[in-house]
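*Asks:* Keeping their order, the protein sequence lines are chains C and G. With my numbering, letter number 74 in the first sequence gets 81, and the count goes up by one each step, no holes. With my numbering, letter number 7 in the second sequence gets 12, and the count goes up by one each step, no holes.
Hints are computed from structural coordinates only; laboratory data are not their basis. No residue lacks a Cβ here, since even glycine has one placed at the ideal position from N, Cα and C. Check the hints yourself; a few may be wrong.
[Said to hold, decoys possible] Listed next, with one range per pair, are the computed distances between beta-carbon atoms:
hint : chain 1 : residue 1 : chain 2 : residue 2 : range
1    : C       : Phe25     : G       : Pro66     : 29 to 35 Å
2    : G       : Val17     : C       : Gly23     : 40 to 46 Å
3    : G       : Arg69     : C       : Gln21     : 44 to 50 Å
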Amino acid sequence: KNEVEQSPQNLTAQEGEFITINCSYSVGISALHWLQQHPGGGIVSLFMLSSGKKKHGRLIATINIQEKHSSLHITASHPRDSAVYICAVLEGQNFVFGPGTRLSVLP
Amino acid sequence: GAGVSQSPSNKVTEKGKDVELRCDPISGHTALYWYRQSLGQGLEFLIYFQGNSAPDKSGLPSDRFSAERTGGSVSTLTIQRTQQEDSAVYLCASSPSGTGGSYGYTFGSGTRLTVV
Chain C
8 KNEVEQSPQN LTAQEGEFIT INCSYSVGIS ALHWLQQHPG GGIVSLFMLS
58 SGKKKHGRLI ATINIQEKHS SLHITASHPR DSAVYICAVL EGQNFVFGPG
108 TRLSVLP
Chain G
6 GAGVSQSPSN KVTEKGKDVE LRCDPISGHT ALYWYRQSLG QGLEFLIYFQ
56 GNSAPDKSGL PSDRFSAERT GGSVSTLTIQ RTQQEDSAVY LCASSPSGTG
106 GSYGYTFGSG TRLTVV
């Protein structure tokens, strides 16, 4: 069993749809990050969470420490949201990465 | 600088040659990480520097890989006697503190290494 799992692996949505990407982990962590990797390969850190919920624009991230689960939501999705979304948990000093979720938002 | 800078952005090398990849972190960031992403694979941790402490090298895949960080700033990842399986995008990230704390991480744009 991988330490960090994500679902779905691939997701295609129509512009405007509400999107949810899930992350579950099996290790003790100090924080969880959601990363966005653009088609060109660049990576942007979207959120760092250790509890509760954070919101930035159309993006919302939640984490349930007891259930070892986090979700990333995108409201009113847009084609420019198309990217790979990676869940990364901080175990000690190092990241353990999920396999990523490839999102395609169609116009 | 404004972000994490990596160079070169692309590198093609012949099998068996040595390569050096450079990472220039955000000024003042004490923590620096190297990762790699092979084609179709997830991100893989390589090495972590925190201030003047001994680096965490637990992710380096073989003794052909080494890294140093001079003066607590610029880091160089060296791959000796490159093999085709070393082909990947090598990413550098830095953060103001070792835990990433409340500040998060900033990634560079990566170096795409192709070993032919």
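*Asks:* State the violated hints by number, sorted upward, taking the hints as numbered earlier in the document.
*Replies:* Number 1 only.
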